[in-house]
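Asker: Below, each chain spelled out in residue letters.
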Amino acid sequence: MSNEQIKNLEEIFEARIARDEKIEAKDWMPEKYRKTHIRQISQHAHSEIVGMLPEGNWISRAPSLRRKAALLAKVQDEAGHGLYLYSACETLGISREELYQQLHSGKAKYSSIFNYPTLTWADMGAVGWLVDGAAIINQVPLCNTSFGPYARAMVRVCKEESFHQRQGFEIMLKLCNGSKEQKDMAQDALNRWWWPSLMMLGPTDAESVHTEQSMKWKLKRKSNDDLRQQFIDQTVPQADLLGLTIPDPDLKFNKQTGSYDFGAIDWDEFWQVVKGHGPCNKQRISARVAAWDNGAWVRDAAMAHASKKQAIKVKIAI
Amino acid sequence: MDNNWPLWEIFVRSKNGLEHRHFGSLHAADQEMALENARDVYTRRNEGVSIWVVKSSDITASNPENNGELFEPAQDKVYRHPTFYKLPDEVKHM
Ligand SMILES: [Fe+2]
Ligand SMILES: [Fe+2]
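Chains A and B are the protein sequences, given in the same order. Positions 0 to 317 (numbering that gives the first Met the number 0) are the ones given, in order, by the first sequence. Positions 0 to 93 (numbering that gives the first Met the number 0) are the ones given, in order, by the second sequence.
Hints listed in this document are in silico derivations from the structure and should not be mistaken for laboratory results. Some clues are possibly wrong.
[Stated by the list, open to error] Partial list, derived from the structure: chain A residues whose beta carbon lies under 7 Å from chain B:
no. : residue
1   : K25
2   : D26
3   : G55
4   : I58
5   : P62
6   : W296
7   : D299
8   : A301
[Stated by the list, open to error] Cross-link-like lysine-lysine pairs, in silico, DSS-like; alpha carbons within 30 Å at most:
no. : chain 1 : residue 1 : chain 2 : residue 2
9   : A       : K221      : A       : K308
10  : B       : K54       : A       : K314
11  : A       : K6        : A       : K34
12  : B       : K76       : A       : K21
13  : A       : K312      : B       : K76
14  : B       : K85       : A       : K21
15  : A       : K6        : A       : K251
16  : A       : K215      : A       : K308
17  : B       : K85       : A       : K25
18  : A       : K158      : B       : K76
19  : A       : K21       : B       : K14
20  : A       : K274      : A       : K34
21  : B       : K54       : A       : K307
22  : A       : K25       : B       : K54
23  : A       : K67       : A       : K173
24  : A       : K251      : A       : K179
25  : A       : K34       : B       : K54
26  : A       : K158      : B       : K54
27  : A       : K25       : A       : K6
28  : A       : K308      : B       : K54
29  : A       : K108      : A       : K34
30  : A       : K173      : A       : K31
31  : A       : K25       : A       : K221
[As the list claims (entries may be wrong)] Derived CB-CB ranges, DEER-like:
no. : chain 1 : residue 1 : chain 2 : residue 2 : range
32  : B       : H80       : A       : Q75       : 28 to 36 Å
33  : B       : G67       : A       : K67       : 22 to 30 Å
34  : A       : W27       : B       : R20       : 22 to 30 Å
35  : B       : A73       : A       : D299      : 46 to 54 Å
36  : B       : E71       : A       : L250      : 53 to 61 Å
37  : A       : R15       : B       : A60       : 16 to 24 Å
38  : B       : S61       : A       : G242      : 19 to 27 Å
39  : B       : F70       : A       : A290      : 20 to 28 Å
40  : B       : H80       : A       : I311      : 49 to 57 Å
C-beta atoms are modelled at their ideal positions from N, C-alpha and C, and glycine is treated no differently.
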């Protein structure tokens, strides 16, 4: 195709998105659109998969059968989210194997938040309440994104997220109405998860490289800073309700803006974690790689069994 | 030997009276496993009463590049629509 023809196709393509038309996998698309979507959807899928690890850590130690059933169901949902997203990503012509390789080799990124440790049971509360809460704020606008398979996966994901956040908040509520030790445990979890949750919504707008193009393609509907403000404004009253203190001395309601002003975020910490130097980066990836490698014989056996059965079927047919 | 599990397309009937609808895809070694995985991946909250699994490589799909020749001929056949036929106002319910 000549450059002129491609330019023409690109204009038609951008106009379709501007008209709110959806793009489906077999439609013509600019290479940059394909690459950007593979990157974003796979990062999102990897985050769901790695996101199971900090919570999976507590399934066997949940304090009651009710909590255990809920946590197990939540972690299973996250596996499901990863699978919806991987299959949406594969429609763009990349194989599952390649996607896993990118995760396992460290080439692909996943959300920085999952590189923090889950030290106490209260962390299950804080993660559900804050991390899933921030994820919902990030994900809801994506239900209307331009790439059809991604948008459909996000609709399914968003339907399931609200239970995640509510079960987390319920854990916090129970602890906050319990003994002093329990309430302290809840406060400690909030102290540790608050700032990483704010960072999870991404670098400030001034430093965010992809925003303009992503806005056009509806991969992003609001800027990182707007999302962060939305998260803070909705979460502070919830912390008040729990009787917990947000670990930010500069946090103050601003009557003029109707929003909370907040203190400076330690972006050095964020970039350290993104670059692989967070408290658990190595642990997370090695747990993931070990799970994959240790399961290899099961996958091979299942394939061998499937081809044997197929061979018998063919023989009978002859 | 290529040991990657093949891809399957999953269709779910959400309740009797409705058609099966495409829900997404997944990897599985064979059709039984595809059914079991589809149950776990796509129907954790009573989303379905029946599942079909079809190997993705067995699906033949039209190419959007041919959408013109495939679908445009229907556009100028206005006589296929009831509004093409003008009837007097006195004719009710037709
Ligand atoms: Fe999720
Ligand atoms: Fe979640």
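Asker: K85(B) and K25(A) were given as a pair; does the straight-line alpha-carbon distance stay at or below 30 Å?
Answerer: violated (41 Å)
Asker: Can you confirm whether the C-alpha distance between K54(B) and K307(A) stays at or below 30 Å?
Answerer: holds (18 Å)
Asker: Does the alpha-carbon distance linking K67(A) and K173(A) stay inside the 30 Å limit?
Answerer: Holds: K67(A) and K173(A) sit about 15 Å apart, inside 30 Å.
Asker: Check whether the Cα positions of K76(B) and K21(A) lie no farther apart than 30 Å.
Answerer: Between K76(B) and K21(A) the Cα gap is close to 26 Å, so the pair holds against 30 Å.
Asker: For the pair supplied as a hint, K6(A) and K251(A), confirm whether the alpha-carbon distance does not exceed 30 Å.
Answerer: The given pair, whose Cα atoms are some 50 Å apart, is violated under the 30 Å limit.
Asker: Is it true that the C-beta distance of H80(B) to Q75(A) lies inside 28 to 36 Å, as the hint says?
Answerer: Violated: the Cβ-Cβ distance is about 48 Å, outside 28 to 36 Å.
Asker: Using Cβ atoms only, decide whether D299(A) comes closer than 7 Å to chain B, and label the hint accordingly.
Answerer: holds (5 Å)
Asker: Under the criterion that the straight-line Cα-Cα distance not exceed 30 Å, is the pair K85(B), K21(A) satisfied?
Answerer: Given pair K85(B), K21(A) is violated - Cα atoms ~36 Å apart, limit 30 Å.
Asker: Given a hint of 53 to 61 Å, does the C-beta separation of E71(B) and L250(A) actually sit inside it?
Answerer: At roughly 59 Å between Cβ atoms, L250(A) and E71(B) fall inside 53 to 61 Å, so the hint holds.
Asker: Mind checking the alpha carbons of K25(A) and K54(B) for me, to see if they're no more than 30 Å apart?
Answerer: Holds, at about 18 Å.
Asker: Starting from K54(B), check that the Cα of K314(A) is at most 30 Å away, please.
Answerer: Given pair K54(B), K314(A) holds - Cα atoms ~21 Å apart, limit 30 Å.
Asker: Is the hinted pair K215(A) and K308(A) satisfied, with a Cα-Cα distance of at most 30 Å?
Answerer: violated (50 Å)
Figure legend: structure checked against the earlier numbered hints; hints not met, in rising order: 3, 4, 5, 6, 9, 13, 14, 15, 16, 17, 18, 30, 32, 33, 38 and 39.
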